[in-house]
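Asks: Listed here are the chains, written in short residue letters.
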Amino acid sequence: MTGPDQTGNDQTGSSAASHCRSIVELGPQRVRHLLELTDHMAEVNRRPNPKVPALRSRTVCNIFFEDSTRTRLSFEMAARRLSADTMTFSVGQSSLNKGESLRDTIETLAAMGVDAFVVRHRSSGVPWAISRWTDAAVVNAGDGWHAHPTQALLDCHTLMSELSGSSPRRADLAGIKIAIVGDIKHSRVARSGIAAFEMLGAEVIAVAPRTLIPPHFSTPVTQDLDTILPEIDALYLLRMQSERMSGALVPDLSEYTMRFGLTPERVQRMNDNVVVMHPGPMNRGVEITVDPAELPRSVITKQVTTGIAVRMAVLFELLGSGAAQAAPETSTEVGFESQMEEL
Amino acid sequence: MRPPRKEEMNPTKQVLGPDDVQRAATRMAHEIIERNRGLDDLVVIGIQTGGVWLAELLGSEIARIQHRVPVGSIDASLYRDDIGLRPVSPGAVSAIPSDVNGAVVVLVDDVLFTGRTVRAALDALSDYGRPRVVQLAVMVDRGHRELPIRPDYIGKNLPTSSTETVLVSASGVEISG
Amino acid sequence: MSILINGGRIIDQTGERVADVRVDQGLIIEVAPGLTPDPDEVVLEARDCVISPGFVDLHTHLREPGHEEAETIESGSRAAALGGYTAVIAMPNTNPAQDSVAVVEFVRAQGRAAGLCEVIPSGCITIGRAGAQLAPFAELAAVGVRIFTDDGTGVQDPLLMRRALEYAGDLDIVLAQHCEVARLTEGAVMHEGECCSHLGLPGWPAVAEEIMVSRDIDLVRLTGTPMHFLHLSTARSVGLVRAAKAEGLPITAEVTPHHLSLSDEMLMGFDPTFKVNPPLRTRADIDALKAGLADGTIDALATDHAPHTQASKELPLDQAPPGMLGLQTALGVALTHLDLPLAEILAVLSWKPAAIAGIADRHGRPVQVGEPANLTVIDPHQVWRVVPGSLASRSRNTPYAGMDLTGRVRHTLFNGVPVVIEGVPQK
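Protein chains in written order, with the numbering used here: chain A, -12 to 330; chain B, 346 to 522; chain C, 4 to 430.
So here's chain A without its partners, still in its complex pose (with noise of 0.2 Å):
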């Protein structure tokens, strides 16, 4: 009997290499790969001039079925910065409910001749439903509580480099305990930054009480902060929503702080050179209630320029490496913009 396997590859014949969807199934090969490519992208972005153009005349669609004004305005950078068009489908939760059919929308889209789709959805796996759709390749920009593979590999890029220094970068994270703390439970970024930190040779521990962890977990867990901070290298806040506490996850907002907070007191336990990384958007006083910026060692805005040379490493990968696509040379077009709100 036959069906789809663990690689992700469905019966479509669509093959996980044409797609950036988890960091599972990128694998450590690309994984690494990606990685060296964005050390590529970061010099390109340290340029006076930081545009080349690679990716002319393809065209790169954003559809964002959730709303993240950072992530999409990264990936068109990105987009640009390679010289691909870009084109934006946004969809606020409204127009999902009016019943329009998301298969329709992505074949209309593919029509109008898309080379990559990045995607983000709230529910988990849509990536696959629409990589089932279109020849197109998709990069999952955030899919449910799934994944956020760009993130995690911006996050593994950041570390490294802020790890190695001076030096060049290191090629691995072994030998380094990394702490994430937080809503592991419903977070993509945390589900992606573990599998990819695990796949560079880190010792992830999962900090966060039993409610916000997933059933079956299978990386080592503490409810147990302040034990683990002297030992770590970097320390991993995530978001924590409010909403959490309806659902008797945790029972405040101030007890979530007492226990899983970086507070000053915790600043003071932690050793110097501990790695302080947020995905964004912070929720002061709630997960931290230091300033970033007088910790000794935040990365937190280097994440987010990070952002951009991991999504153009991607995009590249994809759109730059099949053979069929040897592009006529044509006059260079800059890449406008096409505001699609209702199609």
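These aren't lab readings, by the way, just hints derived from the structure by calculation.
Heads up, a few of these hints could be off.
[Stated by the list, open to error] Derived pair list, reagent style SDA-like, types lysine to any residue, alpha-carbon separation capped at 25 Å:
| id | chain 1 | residue 1 | chain 2 | residue 2 |
| --- | --- | --- | --- | --- |
| 1 | A | K38 | B | D427 |
| 2 | A | K289 | A | A158 |
| 3 | A | K38 | B | G460 |
Once you have looked at the hints, place chains B and C on chain A.
Replies: Just chains B and C now, with coordinates in the frame of chain A:
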């Protein structure tokens, strides 16, 4: 069973030995010095990845003969017009050692073939600034140009068929296929 | 005009024998080896095939009235006949729900009009399956309803369930429970296990089923009213039922073909075709369900045939409705995945569910002279590939698309009428 001899699978002919390569580099260094008297604002930039060792060799020859000049590398893979046909060489990050605005840049590659790599490197270079002059140095010019590009300094002119492979390194030049 | 089933081997509850079967006027009139075909007789070839009492499905969603875009009683009946079924119990989660004589009679009449198998409506336990007020059991029983269920949801309120069992006590009906504590499965998409943890989907924990199985076993002990458990899916549920039966409680249980053959790993590609309620479980659960079927803890193989339109199955996984087609693949899946003697597989497809449904007077009868001719002729060795588009259902949501199954229905006789000949529906 005896493994097949290398020549049987892929007949290879050495056309230059290590000494020939070294001699050619020394000659090219002299030509560069002669053409660019005083070496003011001269930068030697190897095209990733095949041109980098030769740029370093030319740099050290120039330093030995005259004085030290900046040596760097440039990756042209994001500027190619045949993206997808060749993989990007990972880790081949551009390292431009000094401001190229107003400089005399000697671009260096191991083999000059269609000219497309050089074209891409010229585009890449222009994103770092506007050199006063760009010159081109190659160890082997094998012909079959597809673009109007011509080298200023040549180690060896090597007539080839377009299906042959030319392999250039410090230890020699081999032709096969 | 009579019909001769020629050259087959009969397997029924009385045993196994090689014999030809002659059918006339809806009845079996002759069973003997080497019968000679009459010149004007319809001869159904059965060489290397098995003649079995027709199959009975305790759990079929025919979607009419209310969701005819997914299935109609006619299209579902055709799928049933092709799957070897001569009787199906129509689940009551239609719109309107089967909680009144009018709706029940409508379903039965539509089934009769289709004429492909007997469509036997079930009734709701509560009005509108809303879990608040009891449906009129006696009125519905009087028009032939025997199985009552709120399938799709379980009866959450323990007091209401107790009252239902007490009230049903003297009506010779069976209450059938969909075991799911709703509060524990809010938003659930798939089995709560390692896969679901990796995929970032809300989980459907095994305990949500087991708590209700356990509660209802206690309520059966308290009231003495028989009860049937629908689509058991977990290892512990099997254990609970096994213990209850050992105690002598009047409990029966069913399992679906998909819970015996597919695990939660099928969801790794996020394909809503594999979303079903209760969800696909682990390989360990599959093994326990197979063991339960083998030792008689589980009485019946029931399809939970649940058609859904392509559009609804193309929604994101968390929004897509749960359910899979089952009628045409049940036999093949059973023969492909179960390591049981053929007679035991036919028992759980035919005469054991017929007894639970209270239709053993006309379905799942031994293949003997004088019995109603509800018969299925199967080729247990035929290998065939499941092609969704060639199934009779209006929907396409089979989880076995592209898979090869061994064992297929060749002919089906319903009340003596050959409704399927050589795998082709006759109407």
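Asks: Indicate, hint by hint, whether the structure satisfies it.
Replies: Consistency of the hints with the structure:
{"no.": "1", "hint": "K38(A) with D427(B)", "in the structure": "holds (18 Å)"}
{"no.": "2", "hint": "K289(A) with A158(A)", "in the structure": "holds (19 Å)"}
{"no.": "3", "hint": "K38(A) with G460(B)", "in the structure": "holds (23 Å)"}
Every hint from the earlier list agrees with this structure, and none is contradicted.
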